[in-house]
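Listed below, chain by chain, are the residues.
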Amino acid sequence: EAAVTQSPRSKVAVTGGKVTLSCHQTNNHDYMYWYRQDTGHGLRLIHYSYVADSTEKGDIPDGYKASRPSQENFSLILELASLSQTAVYFCASRDRGANSDYTFGSGTRLLVI
Amino acid sequence: GQQVQQSPASLVLQEGENAELQCNFSSTATQLQWFYQSPGGSLVSLLSNPSGTKHTGRLTSTTVTKERRSSLHISSSQTTDSGTYLCAIEANTNKVVFGTGTRLQVLP
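Chains as they are written, first to last, in our numbering: chain A, 1 to 113; chain B, 1 to 108.
Do not rely on the hints blindly, as some may be mistaken.
Claimed, not checked - Examples of chain B residues lying across from chain A (beta carbon under 10 Å, computed):
#	residue
1	V4
2	Q33
3	F35
4	P39
5	V44
6	P50
7	G52
8	S71
9	H73
10	S75
11	T100
12	L104
13	Q105
14	V106
15	L107
Said to hold, decoys possible - Mimicking DSBU-like on lysine-lysine, the simulated pairs with C-alpha atoms at most 35 Å apart in a straight line are:
#	chain 1	residue 1	chain 2	residue 2
16	B	K95	B	K66
17	B	K54	B	K66
18	A	K18	B	K66
19	A	K65	A	K11
20	B	K54	A	K11
21	A	K57	A	K11
22	B	K95	B	K54
23	A	K65	A	K18
24	B	K54	A	K57
25	B	K95	A	K65
26	A	K18	A	K57
27	B	K54	A	K18
28	B	K66	A	K11
Think of the hints as simulated: they come from the structure by calculation, not from any bench.
By construction, the Cβ of each residue, glycine as well, lies at the ideal position given by its N, Cα and C atoms.
Please construct the entire structure, taking both the sequences and the accompanying hints into account.
Structural data, given as structure tokens:
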């Protein structure tokens, strides 16, 4: 069954530390996305990727890096975690077609202390 | 940038009643999708409807592109419909912008 798997499911990180969130998809989709969700803000796009070895900045990329080493894997990296990055992070994949549906991962709850 | 506004912010219904959710967006959308987020947080795509009317099960979406609005009608609501409904649009950028959602609570 096609799926998007995120790891870890939750994490507590120390301010200033490095955090890597991982996403793996078995959908054979070209597009992958990282969103964060905060209360009252809905989902906001951080980084996305059309193809392996290439990433694009979303609407709120500051403080985040992304890596797409293969079609299946897409990582979000917080080099210096800050309190304001406490949020729930969602990864999603989508096929190339105009009306294709998104498949979301189950989310990663990140708490920065 | 693109903005997506959803109304109402929250809605409480008795089981069996119908729900009408609205989505208004600030720029022309080439793609519009409705999503459901469960109380536990998982997200699923409900339907894609950039224009016209589309049905799936008890859901009907009507999008009027020129007026930059879309609606999601849920008929005969059930307690399992409780959760948050998100509208998202995509312009010619492959970037998707989400609204803040409508939180629906269906009481038994």
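Hints, one by one, checked against the model:
1. With its C-beta approaching chain A no nearer than about 8 Å, V4(B) sits inside the 10 Å limit, and its interface hint holds.
2. The beta carbon of Q33(B) is positioned within 10 Å of a beta carbon in chain A (closest approach about 7 Å), and the interface hint is therefore held.
3. Evaluation of the F35(B) hint against chain A yields a held restraint, the C-beta minimum of about 7 Å falling below 10 Å.
4. The beta carbon of P39(B) is not positioned within 10 Å of any beta carbon in chain A (closest approach about 13 Å), and the interface hint is therefore violated.
5. Proximity of V44(B) to chain A holds as hinted, the smallest CB-CB distance being about 7 Å (cut-off 10 Å).
6. For P50(B), the interface hint holds, since its Cβ comes within 10 Å of a Cβ in chain A; the closest pair sits about 7 Å apart.
7. The criterion of a C-beta within 10 Å of any C-beta in chain A is not met by G52(B), whose closest approach is roughly 12 Å, and the hint is violated.
8. Taken as an interface hint, S71(B) does not check out: its beta carbon lies about 18 Å from the nearest beta carbon of chain A, beyond 10 Å.
9. Contact between H73(B) and chain A, as hinted, is not supported at the beta carbon level, the nearest pair being about 20 Å apart and thus beyond 10 Å.
10. Evaluation of the S75(B) hint against chain A yields a violated restraint, the C-beta minimum of about 22 Å exceeding 10 Å.
11. At about 4 Å, the closest approach between the beta carbon of T100(B) and any beta carbon in chain A falls short of 10 Å, and the interface hint on this residue holds.
12. Given hint, L104(B) at the interface with chain A, is violated; its Cβ is 15 Å from that chain's nearest Cβ, farther than 10 Å.
13. The interface hint given for Q105(B) is violated, since its Cβ lies 17 Å from the closest Cβ of chain A, which is over the 10 Å cut-off.
14. Evaluation of the V106(B) hint against chain A yields a violated restraint, the C-beta minimum of about 21 Å exceeding 10 Å.
15. Using the Cβ-Cβ criterion of 10 Å, the hint placing L107(B) at the interface with chain A is not satisfied: the shortest such distance is roughly 23 Å.
16. Using a Cα cut-off of 35 Å, the hinted pair K95(B) and K66(B) holds, with the two alpha carbons roughly 20 Å apart.
17. For the hint pairing K54(B) with K66(B), the CA-to-CA distance comes to about 17 Å; that is within 35 Å, so the pair holds.
18. Distance hint between K18(A) and K66(B) is unfulfilled; the C-alpha atoms sit about 46 Å from each other, more than 35 Å.
19. At roughly 18 Å between alpha-carbon atoms, K65(A) and K11(A) fall within 35 Å of each other, so this suggested pair holds.
20. Proposed proximity of K54(B) and K11(A) is contradicted: the alpha carbons are some 40 Å apart, above 35 Å.
21. With a C-alpha separation of about 24 Å, the suggested pair K57(A) and K11(A) falls inside the 35 Å cut-off, and the hint holds.
22. The straight-line distance between the Cα atoms of K95(B) and K54(B) is roughly 23 Å, inside the 35 Å bound, and the hint therefore holds.
23. Proximity of K65(A) to K18(A) is assessed by CA-CA distance (about 11 Å); at most 35 Å being required, the pair is judged to hold.
24. Of the supplied pair hints, the one linking K54(B) and K57(A) holds, its CA atoms being roughly 32 Å apart against a limit of 35 Å.
25. Between K95(B) and K65(A) the alpha-carbon distance is near 17 Å, which keeps this suggested pair within the 35 Å criterion.
26. With a C-alpha separation of about 20 Å, the suggested pairing of K18(A) with K57(A) holds against the 35 Å cut-off.
27. This hinted pair does not check out: K54(B) and K18(A) have alpha carbons roughly 45 Å apart, beyond 35 Å.
28. With a CA separation close to 44 Å, the supplied pair K66(B) and K11(A) exceeds the 35 Å bound.
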